[in-house]
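Undergrad: Here is how the chains run, residue by residue.
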Amino acid sequence: MTPLLLSATTATTCLGRGLAATRSALREGRSGLAPCAFETVELATWIGEVPGVDNERLPAPLAAYDCRNNRLTQMALETDGFAERVRQAIARHGRDRVGIFLGTSTAGILQTELAYRRRDPQTGALPADFHYRTTHNSFSLAEFTRDYFGLTGMAMAISTACSSSAKVFAAAARQLALGSIDAAIVGGVDTLCLTTLYGFASLQLTSPQPCRPYDAERDGISIGEGAAFALLERADGVANTPAAGSVLLLGTGESSDAYHMSSPHPEGLGARLAMQAALRSAGLGTADIDYINLHGTATPANDAAEGKAVAALFGDRVPCSSTKGATGHTLGAAGAVEAVICALALTDGFLPGSPGTHRRDPALPIDYLLQGRPAHPRHVLSNSFGFGGSNCSLIFGVAP
Amino acid sequence: MNPPLTAWLEGVGCLAPGLPDWPTARAVLRGEQVYAHVPTVLPAPAILPPAERRRASRVVKLALAVGLEAAAQAGADVAQAGADVAQLATVFSASGADGHNCHALCEQLASDDRQISPTRFHNSVHNAAAGYWGIATGAMAPCQVICAYDASFGAGLLDALGQVVVDRQTTLLIAYDSEYPEPLFATRPVPDCAGIGLVLAPDRTPRSLAQITVRPTAAVAEPLADAALETLRIAIPALRALPLLHRLALGEGGSLVVDYLPPMQLSIALQPC
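Line by line, the protein sequences are chains V and C.
Counting from 24, one number per residue, gives the positions in the first sequence under my numbering.
Counting from 5, one number per residue, gives the positions in the second sequence under my numbering.
For the record, the hints were derived by calculation from the structure and aren't laboratory data.
Glycine included, every Cβ here is placed at the ideal spot set by N, Cα and C.
Keep in mind that the hints are not guaranteed to be accurate.
[As the list claims (entries may be wrong)] Which residues of chain V face chain C? A partial, calculated answer using Cβ under 10 Å:
#, residue
1, Glu65
2, Thr127
3, Leu149
4, Arg169
5, Ala200
6, Gln227
7, Ala281
[What the hints assert, rightly or not] Just so you have them, the derived chain C footprint on chain V, three or more residues with Cβ under 8 Å:
#, segment
8, 45-59
9, 170-181
10, 383-397
11, 404-413
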C-alpha cells in the first residue's frame, strides 16, 4: 500500500489522559490496573478504569448521545489537541472529505444494562430517557463523532470484537487509496460494562490478579477501557510531504481463523496469515521489523497461539511485548491504543516492557521484553485478534 | 485521477419477509409475481457442524443463507467446490447484533443472578455471524464487520468496493438485520429478519450479471412503486439495497440511488451484462 501519514494521535486509558501520561507510564513500566470496583460489579478481577469519564459533559445539542462510551470518546477527542487537528483537516479538505472509521465491541451497551434495571413494572418498557440509537448501537460513537465535528461524508463503525480498531486502519486506508476521502478519523473506544466483565468471567478468561501476558503462569485477562484516535492522511501530496520522523502506516493485513468463536487457532494460523499479509502490504520482510506489539491478552490459549505464530515467522530475533499489563485489555479499543503505543515507540525510541509479567513462558521462544528499553525501531508491527477468529496486523514506520 | 468505485456483480442472495430467495425477489421486482407478505423463514444452516448448528441464532442462519445463495450464483458453491467460497473476502454489515441474545443478557444482568452463559456472551459480539461463516466455510480470507445503523448497507458496500478495487479481491457483501424483542423493539422497531448478499469482483467473468459504479450524491432514493416493498425498504436497513436489486431484476441500465448517511447518499450506475 501507499504509506499514509498519522498526522495526529491521542490515547486515553487507565494509564492516563493523553500521550504524555501514556508515554511516562510506559517508560516507568507502570500499570494502571486496580481491583475491580466498577459500578455494582462483584468480581474478583482487576480492571483498567479511566478516571473522570463520568465528569465529561456532552454539548447540549448532542445530549441524546450521553453515555459512558461517548463521554470517553469526547474526552479523548479533546486531548493532545486532536480535535483541533481534525478541524484543521476539515478546513483543508472539506466536511464531506474527512471520513470516520471507529472500532468498538460494546459501544454504549452499559446504558441499556442500566435501563433494564428501570423497566416499567407494569409494561416492561424501558425508561423514556433511554436512547438506543445514540448510545447502545455500535455506530453510536461514529455518529457522535460525525455530529461533534459537523461532518457530512462517509462514516462507519467496525465491530469485530478485539480486532475492531486495528481493522479501521485497513478500511480507512482503502478509501484513502480510492480517493473517496482525503483524511480519516480512525480509532476505537470501548468502555467498561457488565456484559464484558461478567461475560469474560463466564468464559473463565478473567484473571484474579493483574494480567501477566506471556508469563509461564498467566491465567487470564484484565479488562480495561480506552479511547485512541489517529488522523490519517495521504503522505504523498506535494503540500503534505511528511516531515522526517513522522509516523506512517505502511501496511495492513487481515485474516480469519475459521476455527472457533472464542478460542484462537491453536497454532496461530490466522495470526500468521495476518502478519504475512501486513508484511506484503508494506513491501517488507520479517528482517525489517524491529518491534512487535503483541495482542498478548494473557490467557493461556491466546498467548500460546500468537507466540507460536510470531516464533514461526520471526524466530526469536524481534523484541516483542504486550502492553496489556499496563493498560488492561481495552477490547475494541485495543487496536487503536496499541497503534498509538507503536507510534510512541517510533518517535520516542523506546520499546515498552510488560508490567505484571515476571517469568517468560519458556514454551514460547520469542524475544519477549519484560522491561522497556531504548532502541531505534524503524518498522514496528502491532497485532490485534478477536472473537470469531478476526485477525488484523498493522505495520508502522517513520518517514526518512 | 481517482479510480472509480466499480465492480462486477457476480451473484445475488436475498431473504426477506415474502422474498425467500433471489429468484422470487427478482420475479416480484419485475412485476411478474405479486408480493405477498409472510414472515421470513430462516433455513437451517446445513453447512455448520452439528454443535454450532444447534447454537445458530436467527442472525447466523440469515447471514449464512444470503451469503451462500450469492456465492453459489457466483460459482463459489460450497457443495461443489469448498475451496472457492473460502477464497471470498467477506464484508458483513448489520445495524445490530443478535437482538434476542442481547435482550436475554441485559435481562439477566439486571437480575440478582448475573452469571451469564458463556455461549450467550460469545454470541453477543457484532461479528458472531461472521465468525460462524468462517467456521462453516473454512474461509481464512479477510472478513470485515460493519455497523452504520440505518446506513449499514451503504457502509458495507463502500468497504466491499474498497477491497474489490484496491485489493483486487472478489468480495462477498452480506448485509443483514434482525429484530429485537420487547422492550428493545419499541426503541428499535426492525420488524423481521432480512438480508442481501452480493458477490462483487474486480474483473468481468462469464458469470457477471452487471457492472456497478458508485458515486456520492445528495439525491435521495426513489420510493419503490410497490407500497409493501417500500415499507420494507424503510423498515429494515439491509433492504435499502432494494432499488439496486429492482434495477438488476429489470435488467435495465441506468442509475439509481441507495440511501446511505444523509446528506451523503450513493448513486449507483448499473450496466447489465
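Undergrad: Each of the hints needs a verdict: does it hold here or not?
TA: Hints and how they fare:
{"no.": "1", "hint": "Glu65", "in the structure": "holds (8 Å)"}
{"no.": "2", "hint": "Thr127", "in the structure": "holds (9 Å)"}
{"no.": "3", "hint": "Leu149", "in the structure": "holds (5 Å)"}
{"no.": "4", "hint": "Arg169", "in the structure": "holds (8 Å)"}
{"no.": "5", "hint": "Ala200", "in the structure": "holds (5 Å)"}
{"no.": "6", "hint": "Gln227", "in the structure": "holds (8 Å)"}
{"no.": "7", "hint": "Ala281", "in the structure": "holds (4 Å)"}
{"no.": "8", "hint": "45-59", "in the structure": "violated (count 0)"}
{"no.": "9", "hint": "170-181", "in the structure": "holds (count 7)"}
{"no.": "10", "hint": "383-397", "in the structure": "violated (count 0)"}
{"no.": "11", "hint": "404-413", "in the structure": "holds (count 5)"}
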